[in-house]
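**Student:** For reference, the chains in residue letters:
Number of protein chains: 4
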Amino acid sequence: MNSIKVRTDLALEARESMEENARECRGVSVEEEYRKESELRITKVVIETMNGAKAMGKPMGTYITLEAPTMAQPDEDYHEEISGELAKQLRKIIPDIEKELSVMVVGLGNREVTADALGPNVVDNLTITRHMVKEYGKAAFNKKQIHMVSGLIPGVMAKTGMESQEIIKGVVEKTKPDVVIVIDALAARSTKRLNRTIQITNTGIHPGSGVGNHRNAITGEALGVPVIAIGVPTVVDAATIVSDAFEKMMRQSGEEPLEIQDELLAGLGELYNMYVTGKDVDYEIKQISHIICTALNSALEI
Amino acid sequence: MNSIKVRTDLALEARESMEENARECRGVSVEEEYRKESELRITKVVIETMNGAKAMGKPMGTYITLEAPTMAQPDEDYHEEISGELAKQLRKIIPDIEKELSVMVVGLGNREVTADALGPNVVDNLTITRHMVKEYGKAAFNKKQIHMVSGLIPGVMAKTGMESQEIIKGVVEKTKPDVVIVIDALAARSTKRLNRTIQITNTGIHPGSGVGNHRNAITGEALGVPVIAIGVPTVVDAATIVSDAFEKMMRQSGEEPLEIQDELLAGLGELYNMYVTGKDVDYEIKQISHIICTALNSALEI
Amino acid sequence: MNSIKVRTDLALEARESMEENARECRGVSVEEEYRKESELRITKVVIETMNGAKAMGKPMGTYITLEAPTMAQPDEDYHEEISGELAKQLRKIIPDIEKELSVMVVGLGNREVTADALGPNVVDNLTITRHMVKEYGKAAFNKKQIHMVSGLIPGVMAKTGMESQEIIKGVVEKTKPDVVIVIDALAARSTKRLNRTIQITNTGIHPGSGVGNHRNAITGEALGVPVIAIGVPTVVDAATIVSDAFEKMMRQSGEEPLEIQDELLAGLGELYNMYVTGKDVDYEIKQISHIICTALNSALEI
Amino acid sequence: MNSIKVRTDLALEARESMEENARECRGVSVEEEYRKESELRITKVVIETMNGAKAMGKPMGTYITLEAPTMAQPDEDYHEEISGELAKQLRKIIPDIEKELSVMVVGLGNREVTADALGPNVVDNLTITRHMVKEYGKAAFNKKQIHMVSGLIPGVMAKTGMESQEIIKGVVEKTKPDVVIVIDALAARSTKRLNRTIQITNTGIHPGSGVGNHRNAITGEALGVPVIAIGVPTVVDAATIVSDAFEKMMRQSGEEPLEIQDELLAGLGELYNMYVTGKDVDYEIKQISHIICTALNSALEI
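Residue numbers (the working numbering), protein chains in the order written: chain A, 1 to 302; chain B, 1 to 302; chain C, 1 to 302; chain D, 1 to 302.
Source of the hints: derived by calculation from the structure; they are not laboratory data. Don't take each hint at face value.
No copy labels: a pair is met if it fits in one copy or bridges any two.
[Claimed, not checked] With a straight-line Cα cutoff of 25 angstroms, these simulated PhoX-like cross-link-like pairs (lysine-lysine) come out: (1) Lys44 with Lys88; (2) Lys279 with Lys134; (3) Lys138 with Lys176; (4) Lys192 with Lys279; (5) Lys192 with Lys143.
If we strip away everything but chain A, and leave its shape as in the complex, we get:
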């Protein structure tokens, strides 16, 4: 039914858009937990086999999603619960976190475009310790154990002329962190998930929805150290919005949608390079940056 290839960076949505029967395919396990009082839903999708990866259109690995309808709204206590849960999940997925690690946190995206500024925002506000530990030792922090945290904001290709991967790889080879954590703004399929969802994965970042261009992937394979990615959907492709609305409507009217969709596709040409975002995106990005920043600071404190 999906003759139009809809883009989503969320494993959760990739699974939702699979045919009913395909969902039970071997190689993809799903666990879900819902906390009623806080309306926080935690979903863990593990793609365990190549078949599962093919069916999902995503690489093998673990994808944890935190969803909360009020994530971007101004209730500080509630955010503490989300950032607390996020920190817990991060400590589970970061390898060897019980040892002293050197962790490089990378904020992808363009700081001048509101919906793309999540990564730079998080890194701008993170507690950075690497230079202090190198200069003064652990003593400066009054702790027995301490991670060395560094931060990098590589910028976008239109402004650097370089792939983010080239920049990150160069700095990784020079400063040799044990693990890289990448923060990025994602594209979702549903507007309901915009700024309401955080995805953590140990598969890194695959430009172009995991399809094609692996030259620029920011993954463990590419960088030579484990890569954890934290992503938040902040935009929906404009073409996705239209094709979804259309599909919904066709289904309601009981019509056969396939034929017309091709004509629709042609008409969507002008939507190329357009995206949909919420009117409060500036406030919401700040809130979620704060949640992620708090969670990282907490997870990386031994």
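Chains B, C and D: place on chain A using the hints.
**Tutor:** Below, chains B, C and D alone, put in the same frame as chain A:
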């Protein structure tokens, strides 16, 4: 046919969406000029009667539109032509510009939201003279005649708790400019016009597409001095995108769209407060802010 | 001894620079409180008579200063103590705060100059309620009593062409708040106080250290409603630094400084329009903006 | 006479502060050119020997200084002359510029501190071509020859936890540019030179005034490719201001300054980490960023 009310702030688009026959209604005159070598199209719509205003859904007055496909692209010579033409049109529409005027330029919008930052950007970079003229006289500028230019960035209601109109009105009553020029980011109906179109009008700004809420209008009537508005469409409502794509498709397939549209409408609920914008919006807004700023500086130099 | 007129916006420093004997002048009362565990010093200077005002070079009124050496450093619990104390002092000095008030908070200064961005930073992050109360009533907040809080960032004269006073006065007359709270970055005399001190006063803002130009004062007299000013010294005039270092040195060497100072003055000409600020000013301004913002939100919540 | 070590990053000032007779030391050649009508002064200092380097406290190499009193003021035609001259000097000092080069432009400094944001500002606005040339070839630019320009903004150690040198070196080794151009804000000795002077040198950047810490130098030796540095003095150390004013005064009064200076030094302790900058620093940095950006775009266009 328009059972879905589509929002546009452009008189040009309001006219396009009228029924073929209705376009020839009395009370609306249209003049168009096209400059082949520069691809610059200038359209002047004058709504002369109450009937025309009703048919168009816009107040009586003059609406001049400059359209150029490459407006937001980096060719400096070309921008000079656009800003030169804009300056010329501004000098025609600002009343009594041959006399010495006190001109207040107001930048509406939220400087932290890329697509809404046009107004603040323009005012931030404008040549401001009022305080110099008041302090040192015209002598400071080596000119016989000089306008006093002041600038105001009132902010948005969510951050001020006040209507922009209240703030502007208060400052107008205190500093008594002869004319107010308001810059604002607009909503268009077509993505083709995003960041490619500048509209000048002597009707001011009417929140909510001129329908309803006149309490907050920023108009000559409200402020007590003439108001010229300069607007650039930087977003399209997400619901508009969907309903337009749908209408186009239905027309192509020869179907009767009316019935299904109601169902569609319900499905669009989640698009409320969502907008569509281009991926290069940050760069494009800067380019167009620069064009408008250059044009204002030139038009306001005697 | 002070042949060089040293500028300070702090009543505390004005008093310190008075001759020993003059300090006991009638008309100026001083109370001091020191909290050992938190190193927080609270000083209340009340100028009660015209004579006192003349001796101090400051208008009659109350000046409360909170000083803490670690104010700009990253210890969140400690900041809670400072913002809590600030909130307490604000509730004492804001007239009729036990009633429902309409409060306009004004952020003076230039948001693009780090050391001058304190005011805009505070207002940018304040909880604004006026528009919500006007639209939905108190019910929206689940409270019996609620203040209507509005926020204004007037900008600086070089960018607006208008005095801040003109803009504020216009908006005050239009929106009729019961009290105005003005936030501003101040000049101190001592680098030790930079970003370590918060002054609250019920005398408003007097451009040029209360000397001269009353046309532009932002005071109760000028605006017609009580004005509370919150200020933080973020810069020291470069000339002040030099003349203070010089005076200190002369005193140590037992020399008679008067004669030479005149020659020094001439040499300081090139320091005109120069100021001294700390290397961490960007981080420190953010910290203190956050303290003031938290205190205001707390003080204005009934 | 210089018992207080005064910091300057300008070779020009280093030479001025040498003893009269020392100036004629072998190994330092100076050429000066003054253009009366444009008030532009161009000075070329070449340190040719190790003795010269020792006497100057700067590494061997070429230092070209452009000085113009109105550099930061708003006269666009004049800036064209400065940026034109800067482009000419850059084409002389960049090795092999007549061939096709891969050039990496690095903007050092902290974009959130006005006086330190010069480097990030320049790179933010530069024409970047590397990714276009790699993707589409020279054809995309309609030129026979084209340089590949990339841009990097590494951030400051307090925010990255890494030395700028580590980041740059990593990216250089990965993307292999033929030459690196580094932009940085400098410290001057005299307030007269603030934002009025541009220095170009082929010696790169030596943290701590070329004394000590070579671990972090950004030089040809460190990076393995030629490094051209472009610097503008935007601050003066507060201690420098005081000690200079003092020295001047002592000289005028005919006293012997040495003894007292030691006491002065102690009194300057609190000036540590304080700097002096002009009140219009935000506007001036923008102007000079624009001049350098224009010059680089022009110099790097074959």
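**Student:** Measure nothing new, just compare the shortest in-copy and cross-copy C-alpha distances for Lys279 and Lys134 to 25 angstroms and report within, between, both or neither.
**Tutor:** Classified as between: cross-chain Cα gap 22 angstroms, same-chain 44 angstroms, threshold 25 angstroms.
**Student:** For the identical chains here, do Lys44 and Lys88 meet the 25 angstroms Cα criterion within one copy, between copies, both, or neither?
**Tutor:** Result: close within a single copy only, 14 angstroms intra versus 47 angstroms inter.
**Student:** Could you figure out if Lys138 and Lys176 sit no more than 25 angstroms apart (CA to CA) within one copy, between two copies, both or neither?
**Tutor:** Cα proximity of Lys138 and Lys176: one copy only (19 angstroms, versus 36 angstroms across).
**Student:** At most 25 angstroms between C-alpha atoms: does Lys192 with Lys279 qualify within a copy, between copies, both, or neither?
**Tutor:** Both: 13 angstroms inside a copy, 21 angstroms across copies.
**Student:** Please sort Lys192 with Lys143 into within, between, both or neither, judging by C-alpha distance up to 25 angstroms.
**Tutor:** Neither. Shortest intra-copy (43 angstroms) and inter-copy (31 angstroms) distances fail the 25 angstroms Cα cut-off.
The structure fails hint 5 only (numbered hints given earlier).
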